[in-house]
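Between the sequences and the hints, there should be enough to build the whole structure, so can you do that?
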Amino acid sequence: MWNRFCAHLEEPVDIALAAVWRVLFGLLLFVSVLRFFLYDWIYQLYQQPRLFFPYEGFEWVRPWPGSWMTIHFVLMGLFALGIALGAWYRLSVFGFWLLFTYVELIDKTTYLNHYYFVSLVCFLMLFIPLQRSLSVDAWRDPSLRSEHFPRWCLWLLRFQVGVVYFFAGVAKLKIDWLFYGQPLRIWLASHTDLPILGPWFVQPWVPMAMSWAGALFDLTIVAWLLWSRTRWLAYAAVLAFHLLTWKLFFIGIFPWVMILNATLFFPPDTPRLWWKAWKAWWGKASPQTPLKEASVKSAKDADNAEESSSTELASQADVVPSSKEGAASASIPSDGTVTWSWRRRLAYAVVGLYIVLQVFLPLRHWFYPGEVCWTEQGFRFSWKVMLMEKNGTVDFWVSHPPTKRRWLVTPRAYLTALQFKMMSTQPDMILYFAHWLAKDFARRGIGPVEVRVNAFASLNGRPMQRLIDPKVDLVKEPWITLRARPWIEPFRRATRP
Amino acid sequence: MRRIMRILGAFGMIGLVVLGASCLQTEAFDRRKVLQDTADIVIMPMLRGFVEKAQALKVSAEALCKSPDEAGLKAVQDAWKEAKISWKKLEVVRMGPSMDLRVRSFVDWWPLQADGIDQALAGTDTLDVKYIEDTLGSNRRGLVAVEYLIFDRDKPALQRLQEDTTGRQCMFLQAALSSIETRALAYEQAWKADGGNYVSEVTQAGINSKAFPTLQSPIDQIINDVVYWVENVEQMKLAAPLGKKSGDTQVQPTQVESLWAKVSNEAMAANIEAVSALLSCTFGGKTGTSIYDLLNSRGYTTLVEKLKKHITDAQDAIKAISKPLQEALVSEKDKVEAAYNAVTELKKVLATEASSALGTVLNFTDNDGD
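These protein sequence lines map, in sequence, to chains A and B. This note's numbering puts the first residue of the first sequence at 1, with every later residue one more than the last. This note's numbering puts the first residue of the second sequence at 1, with every later residue one more than the last.
Among the hints, a few may not be true.
[Claimed, not checked] Cut-off 16 angstroms, straight-line C-alpha distance, at most; resulting in silico cross-link-like pairs (EDC-like, lysine to aspartate or glutamate): (1) B:K306 - B:D293; (2) B:K33 - A:D193; (3) A:K404 - B:D248; (4) A:K404 - A:D473; (5) B:K33 - B:D248; (6) B:K286 - B:D40.
Honestly, the hints are just simulated from the structure, not real lab data. Values in this document were obtained by computation on a predicted structure and should not be read as measured data.
Spelled out as structure tokens, the structure:
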């Protein structure tokens, strides 16, 4: 059973869909990098700040000095184009993944779920031979060319996209979201001037209906996309959902990334069918087709397309491996059993571990007491997308017991507006700033000091509550810990948002 | 046939949504009227008021310099106080031209670097507007520099003026006031419909505005501005003189905003009055549709009452300081502490509950996203 499953995963399937996806994904990455130049974010986010909020264990990740940060982004842009063109594919994917992830690790302030997603997908692409088709690499080296790749490659990408939707849906199964329609109620009220849809947002039941629809969409959309009978309707829903969120919220390229990613659930030979249909409509054959015509098949039932094309391709692959990298899939005997070499075992173990990690991370907040939107322990890297309207304010009090001196520190004097806004509601960033202040005072010859805070926040329109215990000296609290942070005041849900 | 039915069905759904939208009452509360009224009733009159006070101050200073006497000096000092208080209201508006034209850095940046002014007075450079604006830094010009010249310090101001045989004090005074007037007029012009027309950027938000892509964004900007200024009053105008920021157990009277004219309390009250005016759309005896009305329309009546109470508490606490701030820090420290606490409470409600209820975002980067 297991062997047959593994053999099934390793059967070749048409690479056309994934190749087109790679081109468009690379272009989206390029646009994403371009935006950093156009909006001057390189300066605002990585050169202007005096200090950064690193991730635990990644304090060594700092912005490069001088114009090296600009060069960093130029290289990222070139690697993104390399991905789109399939030029020096492995190097481009590795380079982009490394540089992009480095940038994202510099400052927690700029954490975005879709940036995390980009890092994960680029990591997966390192192991997926997407340069076999529609690429400069395949054009330069014909031995690389292939019209298929192992099925697991496609399903790993689908899994990653599915994880985003599903856990974004799970995260919405909360009282505020389902029973108060918050924070959508607050956000939609800001967009009542939107043409056509705006007047609907005034209706009291609409935020509630949209909250439920949003949760159901996230939880089930992958299933609807996988089922051929509902696929087109589901994709229309994907388009409507993401275009609406693009119009309503400042969420950058996230909607476009997800609109593209949802296409991965179409049959893998879809681009060929479309190309064929286009040619038929155009009425003349192109002298040079971008995708190899030979492997186009006339699949009437889209649901069977993956199955039939893979069987057909598997038989080809068993006879003549069509590429260097396709040799692995050719090692599957025709009886469907898999030879368990140490490489294969290692590969399965790594992929298995990755999948377990991707399921565990979004749920890790269950190991911490309290409301995750309040404590934010286990909030990042868990697809909690557009889940809360949280605003806060925080004052830092530094005291020096030997001299009984006490300072009120204004964080705005040290932080950018964005850093201040982000820090004022996130306990781990407040803790880091407290530690940073203690070191800063020590550098000025005043130490050791104690740092306490007056921090308040409002979640989803509720009256403000104290966020952090003002009696606790945060300098004594460990910055790196997996334990619950008892100095975060418990969230009082009793007040209705 | 089935495909045609599906297409017809899809168009039917879209048609229902559009039809429903047209039948539905459009937004029950007119947010654009909040912007229009806030601009017409609060911001534009504040701008005009400051321009008039700056011009009156300049005229009175010219008269004083022609014949320096007690009455002339008193007239200039009164005109300065009116201009200062007028500016303290206007400075709370930080959007657009305020930042683009760096108005604050030319009109009223403090604390003052007095040494720089003394050096300029003792030097030989021509003291004209160009020198004031191009050579002197933000902390050596504007209303604070004028305050340094026209109020008593180590010597009575009149005596200093009369003893100045070089006339450089008057040269500096008139150049500084010309600079303030020019900047005030440019600032007003940038807002006016027949000038830079920034007022239209605000009122046409989300329709025809480069500065504000959505109707919500000017409201976000106003909330960000009032939070910023309430925090400024709390931290710079109260906490610093109380010695809270410097780790001193003693108060710091030299840290007050108005060291020589002694109007620090009035300046704080004017800031808070402007915050109240922007939220309530009430100014100069006129009232319009306000952010309070917007919050009420969304059911946040308790929050509106809370905001009003905290603003009144802050104003009352500042008014309760009966002496100039530098003296009150010593003789009425408990009252200054009470004012600090009241302003802190106001800041907390504005930065958390009001921002949350309005869904305020920073107009900084769409990295503010998911």
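* To do: Hint by hint, work out which the structure violates, then give me just those numbers in ascending order.
  => Of the numbered hints given earlier, the structure breaks just one, which is hint 5.
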